[in-house]
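Visitor: Next come the chains, spelled out residue by residue.
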Amino acid sequence: MHRDLVERAMAGDREAFTELTRHSIGRLYAIARLILRDTERAEDATQEALVAAWKQLSALRDPDRFDAWLRRLLVRACYREAARDQHQRRIVAQIRPIEMGMPDPGVALADRDQLERGFSRLSPEQRALVVLHYYLELPMHETAEILGLPIGTVKSRLFRTTQQLRAALEADARLPLAERGQA
Amino acid sequence: MSNPDGFDRLITTWLDELAPMREPDGLLETVTGQIQRTRRLPGWALLERWLPMQTRAKFGAIPRTAMILVTLGILAMLLTAVAIGAQPSSKSDLAPLFGTAGNGRVFSTQDGDIYVTDPGSSAPQPFVTSSQTELYPTMTNDGSHLLFQRDDGNTSQIMIAAADGSDEPRALTPAAIASLDDWWPSPDGSYVVVVGPSGATQDLRLVPVDGSLSRSLPTDMSMTGAIWEPDGRHLLATRDAVGRNGAELYRVPTDGGDPILVRYLSGGVKWLGVSPDGKRIAYATSPDALGGNGRPPQAWVANIDGSDAHRLTDSVNQWEDGAFWSPDGTRLAVTTWVGGSLRVTILPLDGGAAPVVSDAMRVSGPMVNSNDGNTATTIYPTWAPNGRSLLLWRASDPQLLSVDATTGAVTEVPWSSADWPVWQRRAP
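First to last, the sequence lines map onto chains A and B.
Under our numbering, the residues of the first sequence are numbered 1 to 183, in order.
Under our numbering, the residues of the second sequence are numbered 1001 to 1428, in order.
What the hints contain is simulated information worked out from the structure, not anything from laboratory work.
Be aware that one or more of the hints could be misleading.
Estimated spans, in silico, between C-beta atoms of each pair [as the list claims (entries may be wrong)]:
hint	chain 1	residue 1	chain 2	residue 2	range
1	A	His2	B	Asp1164	54 to 60 Å
2	A	Ser123	B	Gln1125	55 to 61 Å
3	B	Ala1171	A	Ser123	31 to 37 Å
4	B	Val1316	A	Asp113	23 to 29 Å
Straight-line C-alpha distance at most 20 Å; calculated SDA-like pairs for lysine to any residue [what the hints assert, rightly or not]:
hint	chain 1	residue 1	chain 2	residue 2
5	A	Lys55	B	Leu1027
6	B	Lys1279	B	Thr1254
7	A	Lys55	A	Arg80
8	A	Lys55	B	Arg1037
9	A	Lys55	B	Thr1030
10	A	Lys55	B	Glu1029
11	A	Lys55	B	Val1413
12	B	Lys1279	B	Asp1240
13	A	Lys55	B	Ile1035
Because the structure is a prediction, the values reported are computed rather than measured.
For glycine and all other residues, C-beta sits at the position ideal for the given N, C-alpha and C.
Let the hints inform the model, and build the full structure from the sequences given.
Guide: Written out as structure tokens, the structure is:
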């Protein structure tokens, strides 16, 4: 079904591509918002990626690689959004926490807050890596493919990025203790 | 040399919570409307049609004329290099960093490869490069060999190479292992102890570096980590305590004898080290809970059999990451966190001299282990072989500091790599 839609879209069928868009837009938006940490920019990136996919669909050689290809376009769109200084300055002035879903289904509140702080300190490139590997649970080779990086680079970057997240967890955990010790 | 603790699952669960359930209202209509108005580009106009999605470049055969030109170019560069090398060098002395350290080459990792910095130069040079990921460069005690972990994304191998680069790295493990949890070379460099999953339990395996057959130690106790005692006849191994929030520490004879329980450590083990004479252990317990709700890590010292255990400080709330034996075993460097700064306290164990206190660095971000980079949040000091100083590495905003073990004075040392240094560490 999915492959059939992709093949029809590749042949120029707008309705088929609209159907693909309907299937994928929610997940793409979720990825973009995790990477960009901003709802408006995530909307912009999602839209840019999907429109680019439509325009460039004839470049796709293997219909079975449609999802990976689309995610690659999305990650690039996210990078472009993140690089827009003017937009970034506006966002900095309007920083707001991303609203949470239902309370506490699996992660303790304290850990969630620390992860939030640690995650927000990562660069968009690092967040893309984390989102692809941990949120989409893609294997390393597919993450590398989407990011356009050698797998070795992806592994070492992921290693360092998770180190930073771990560090944020523990560093934030110990600061109140240390400061209580000073009081 | 990893510390699996469910952190990966924590990130995945948290991202699942954080991700929006669906796109904002109106976005789908906006996108589909724009698609309706957008003309597709013809396939021949798109560069990506001619580029593979795979990221590894594949090269075809090089034309003969190009090969000749490249060869001539290389020859010209070699002749130039020889001519430059014949000039008197103005950098014959050891650079300050490595003078402080003692001597020897310095290894580090960068983007999945291993680099080496010679004492006489300042820029790291490639030592091991491959399409796979090289991690955890670790020297044998005699400084003759470098061991490291090679990951291909699915499996891992332990590799060994001559520290002077005179031979090709070779794999120690007979077959790639799905996961390596911990590994360390023996004091005499003849074995590597490897901890990793084997079926439903954890295997504790001794791998000879000469390529002969490895053997599992018959513990059947699912050890999670192991280090060597200095005489190489025992390992100190840890496992999760069953039904309790903590770890059990065992002495495991390397001849296959039964493990002996040393101590139960409440909360778990954050750091463990054996004194150079093998008579005592120093360790830091793990925090009882993340999030500031439990007891912070505490540094302890005990006899090797677990007796006479006592804390090294009397602090209540300070976060003590570890206690590190000086090369002669007369002092312990205890790292604590005070108001967001790292404090190194060097404690003389004979009680004679006063402790040396050094407020080393302000914490502004993640830290890694200066020994092997494994513990992300901790700065583990590396003692210089002569015992006169310690080295600290900060990963975020990379910085390398040297702490004078006598005065506590802190100096920044030049280090151009983005990763922590691993010394060859020959004795001075």
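Visitor: Each hint should be assessed against the structure and marked as holding or not.
Guide: Now the hints, each set against the structure:
1. A:His2 <-> B:Asp1164: 54 to 60 Å: Taking Cβ atoms as reference, His2 of chain A and Asp1164 of chain B lie about 55 Å apart, which means the hint holds.
2. A:Ser123 <-> B:Gln1125: 55 to 61 Å: violated (28 Å)
3. B:Ala1171 <-> A:Ser123: 31 to 37 Å: Holds, since Ala1171 of chain B and Ser123 of chain A (Cβ atoms, about 34 Å apart) stay within the stated range.
4. B:Val1316 <-> A:Asp113: 23 to 29 Å: holds (24 Å)
5. A:Lys55 <-> B:Leu1027: Between Lys55 of chain A and Leu1027 of chain B the Cα gap is close to 18 Å, so the pair holds against 20 Å.
6. B:Lys1279 <-> B:Thr1254: Measuring from Cα to Cα gives roughly 17 Å; hence the hint holds.
7. A:Lys55 <-> A:Arg80: holds (18 Å)
8. A:Lys55 <-> B:Arg1037: Since the Cα atoms of Lys55 of chain A and Arg1037 of chain B sit roughly 11 Å apart, the hinted pair holds (cutoff 20 Å).
9. A:Lys55 <-> B:Thr1030: holds (16 Å)
10. A:Lys55 <-> B:Glu1029: holds (17 Å)
11. A:Lys55 <-> B:Val1413: Answer violated: Lys55 of chain A to Val1413 of chain B is near 53 Å, above 20 Å.
12. B:Lys1279 <-> B:Asp1240: violated (24 Å)
13. A:Lys55 <-> B:Ile1035: Roughly 8 Å separates the two Cα atoms, so the pair holds.
When the structure is compared with the earlier hints, violations turn up for hints 2, 11, 12 and for no others.
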